[in-house]
Amino acid sequence: MADRKQTLRLGFEGHLRKVDVTLPATEATPWDADSKLEIVGTEVPRLDGHLKVSGRAKYTFDVALPGMLWAAVLRSPHPAARIESIDVSKAEGQPGVKAVLAVAKPGDTLRFAGQDVAAVAAERPEQARDALALIEVRYTPLPFVVDTEGAMRDKAPRVHEAPITERRTEGDEPGKAKAGGMQGNVRALPPNERGNVDKALRESDVVHEATYVTQVQTHSALETHGVLVRWDGDQSMTVWASTQGIFSVRDEMAEVFGLAPSKVRVITEYLGGGFGAKFGASAPGSRLGFIAGELSRLARAPVKLMCDRHEEHVCTGNRPDSRQAVALGGRRGKLHAIDVVAHGTAGIGTGAGVGRNAFSLYTRCPNARVRAHDVFTNGGPGTAMRAPGHPQGAFALELALDELAAKMGVDPLKLRLDHDEHPLRSMQLRQGAERFGWDELRKRSAQLRSRNTRVRKGVGVASSLWGDFGRANAAVATCSVLRDGTIELKNGVQDIGGGIPTVIAQVGAEVFARPLSTIRVRYGDSDYGPSVGSGGSTTTSSVTPAVRNACEQARVALQELAAKQLKVPAGEVRWDGDGTAHGGGGSITFGQLCKKIDGEAIVATATRPATYGHEPMAFPGSKFYQIAGAQFAEVEVDTWTGVVRATRVLAVHDCGRVMNPLTLRSQINGGVIQGTSYALMEERVLDGDLGRMLNPNLESYKILGARDVPEIEVMLTEVHTGANNTGAVGIGEPATVPTAAAIACAVYDALGVPVRSLPITPAKVLEALGMIPGRPA
Amino acid sequence: MNRFTIVRIPSLKDASNRVATTQGAVLRAGGIDLLDHMKEGLQAPSELVELHAIGGDEGMKLRSMDVHGDGRRRLGALVTLAQIAELEELFEGHQALAQAAAHAATPGIRNAATLGGNLLQRPRCWYYRHVDLVCLKKGGDMCLAQTGDHRYHAILGGGPSYIVHPSSLAGPLVALEATIDVRGVDGTVRTIAIEELFVGPTVDPMREHCLAPGEILLSVTLPVPAPGQRSAHAMAKEKQSQDWPLAEASVRLRMDGGKLRDVRVALGHVAPVPWRSKEAEAALEGQAPSAELFARAAQAATGPAKPLPGNAYKVPLCQGVLRQALHEAAQIPLPE
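Residue numbers (our numbering), protein chains in the order written: chain A, 81 to 857; chain B, 109 to 444.
Bound-form chain A, shown alone (with noise of 0.2 Å):
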């Protein structure tokens, strides 16, 4: 069938006009401004929330099948190491242990403290770990290096002997080019530039150049990762997976083990978050698909694989650490040029980039250059986190502009005003400064300021970009009608905590017109048919018009079978709001037309197809759609102590349609949270010469508690994107992008000396106020 043309009133409050897009033929006409919604939009509490909070959902950690064994893993304790030989005859035969392998073998180097050497699969977990003591490996342990800084010099240890590509998963950020060449153990990424960067630092009349840090975060998940193998003969396996990508561990699976990836099912029925770190069956450093599959295959028996808090922070990967020197151009008030060059490490791993925003923000800058590189480093691999990148590209752009606004005397969000052209965003800053306050605060800090008050407070603002990358074709969504009335509807998706079987139910109800209690969801399994992982924002946007699709279709069927019983062309069949069929002065209920089904069910199948808009503005370089959002935070310092309180937080978002509220507010107060804990406290610490974690635990790697969550107000601007035919896009990680950013241009204005490192912790403070004796600030 032909394509077909449309028009929808796209765009947002105050903003909105009449587009042309072109459809598929058998695409449902997409709901914008004009739509008047009945349960899309509506504050649907989550189906499965009384089942969470009372502890009846089951996740991976959970399951437990009959015999099933437990493994566990021998990890090298050394940064770097050869393998001279592994002897795991002692550990066969110990109290319950069923099957014993060595995964690294002699000759092997590895390269990080927590990688996998050997594994042990037993009856109790216990039995497991005990044997593991008695697996003899002799290690030549070799020179490391664990700091980006050490890394970097001549005559650094080598971390990798040769170029290693690069492990990429549906949690990084789509279109990014492959990296270049390597130099000892530094990578650059591919550059970004515009305009004549060098130029344009001479021209300005204003320069300020400065070094920021972050630090290396952990996922930290609160379930770890875990994988359940359950071999179903020679050729097939069910496999139950704490994972953010069912499809991409079925495909690992299958690779591994060789078989056909039908052959292989994944369940995930309920998951403790993943934030990047869960795709594919191994975690990104350690093979826990793998191990768990072999010992289960030579045991005979279903083995469970679950990491230890321990081995959550070494080895499953977290947000690669930055190093970025800044040189920011102003000229006659406005930003001139924008040049950034970051390095930083994801460990063994790559991927160590920092986001778009130095580059993609504020485009009304006409030159901006961006040059990035990994470094290679003896610790656990790096992988996607959250807006993999942004956070940290967030925090020193955002910083720089504002030391440089300060030097220019320019008000800070007027320097980001001028030079941002997302229409939307610029107004999300003009009504975010209004209900912050922002005016009257930053005169209040200054205040405080002058008189050198012991606590001070500040406030920052901060901007986000990501893009809708919703999928074409990946999700295929079947919807069944049922004779007794019950709709259908299922995906092969995987709950991370997002929500998304709840807005599947608002979807099928808002079709059909019928009560949500009438939908019935199946998700978090292989079997319910093609869907994609849990990353870069995209689960709404590729799930739920796939479904829409799917339900407009059987609908479509059901109105022609309304036709025949009230024997009228389907063209003149009417629904009213309980899903009543009403034609030709007859009428019939939903539930009467259901049991006239021929058969059990009618059954549609669909997917969603490309992106077919971007109003009012795509992703930089891309037929995206741009998201937008800014975020401004306030704090207060105690100047004695250097105890910095993040006390307010003012997430202002656009996630296209708003398709539920409640699960929209929870993530953007996930990712406010998150990055206010990045901010002001996460840190992974290595110790230099040992090359081990010291602080591998939720003690000392220290996560926002509840006493430190600032009050968050969120504020939606929803935007009509024209992007697919339910006006979802992504939230997830547009959220925690400019948190941290927005803290820290706050401790600036509360102390009028900046803080330059991640987290912002009582000793940076200190320092950074020149208390530290024999060190000056």
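Simulated from the structure, these hints should not be mistaken for lab results. In this text, all values refer to a predicted model and were calculated from it rather than measured experimentally. Don't take each hint at face value.
Derived, one-sided and incomplete: chain B residues facing chain A with beta-carbon distance under 8 Å [said to hold, decoys possible]:
# : residue
1 : P274
2 : E346
3 : D351
4 : G428
5 : Q432
The calculated label-pair distances, taken between Cβ atoms and stated as ranges, are [as the list claims (entries may be wrong)]:
# : chain 1 : residue 1 : chain 2 : residue 2 : range
6 : B       : I114      : A       : R855      : 50 to 56 Å
7 : B       : C318      : A       : P175      : 38 to 44 Å
8 : B       : K147      : A       : R238      : 34 to 40 Å
9 : B       : I217      : A       : G129      : 42 to 48 Å
Derived coverage of chain B by chain A (criterion: at least 3 residues anywhere in the stretch with Cβ under 8 Å from a Cβ of chain A; other residues may be distant) [said to hold, decoys possible]:
#  : stretch
10 : 109-121
11 : 193-202
12 : 252-259
Even for Gly, the Cβ is constructed at its ideal location relative to N, Cα and C.
Starting from the known structure of chain A, fit chain B onto it as the hints suggest.
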């Protein structure tokens, strides 16, 4: 975690003997720190001898708080932090102890953690707590923190170990001149000043207190407060929910004719033992209270500090918390 046996013995004598004579047997009160050690693989006891199982009068005394005829206040070793925290209003002159208990750990931990366990817990040093690392405290030749990452370590009295003492109740008890009753393995009970409980690293880097296996801390006694006595506790943490202090300060004083008298100052989380600051006390004793005086006293307190390269920030931070405690104890409002 290893498999172990729970042993319930109703008398102190038998419990003490059991621990003194059984390989791998340890006493358990709240079990907070013990469980941490077991989960990390630092300790694998064969038996946990339950202090909560002690019966009769002995058990009642371990669990109760009461006031002696002369007004001294006795707190049994099994009294929980939550119970102490609730006493702030009753604790005329002893508020510092209740404040410290109220800010420790989490509500859940405070409900289980005991006074005795809090005083006898092992350090939180991340080298000590890492099962694969052999530090001075675990029989190694050197304190790994000294040349490693010591951001949370000692600035006062460090060497050869640089741990900080983890107890938040020890500081207030030192400031309040508490005594403790200890039952020896032979059944005799001795009373010692709280400061004598703690063992500094120059004496023995492998332990932090002087009790031998089988000896049992029975109770803590607070002296009768002098008329007008006040006390206060202050601390600074990186995180306000469930975190260990970076530094804390406990102060006891009374006002007499506009002058500070009987001043005692103890600092926590800055030294391997609860650190009594005689320098601060000397600077304050007999002086009229003022913000300026407190600032000078705080400087005096950190005068002997020898910070390591990575923890000099604890010097001004420690001064800050001491100033806060002094302002509160002397009822002089903090500057804005």
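Structure-based check of all given hints:
no., hint, result
1, P274, "violated, 12 Å"
2, E346, "holds, 6 Å"
3, D351, "holds, 6 Å"
4, G428, "holds, 3 Å"
5, Q432, "holds, 7 Å"
6, I114/B - R855/A: 50 to 56 Å, "holds, 52 Å"
7, C318/B - P175/A: 38 to 44 Å, "holds, 40 Å"
8, K147/B - R238/A: 34 to 40 Å, "holds, 37 Å"
9, I217/B - G129/A: 42 to 48 Å, "violated, 28 Å"
10, 109-121, "holds (count 3)"
11, 193-202, "violated (count 0)"
12, 252-259, "holds (count 5)"
When the structure is compared with the earlier hints, violations turn up for hints 1, 9, 11 and for no others.
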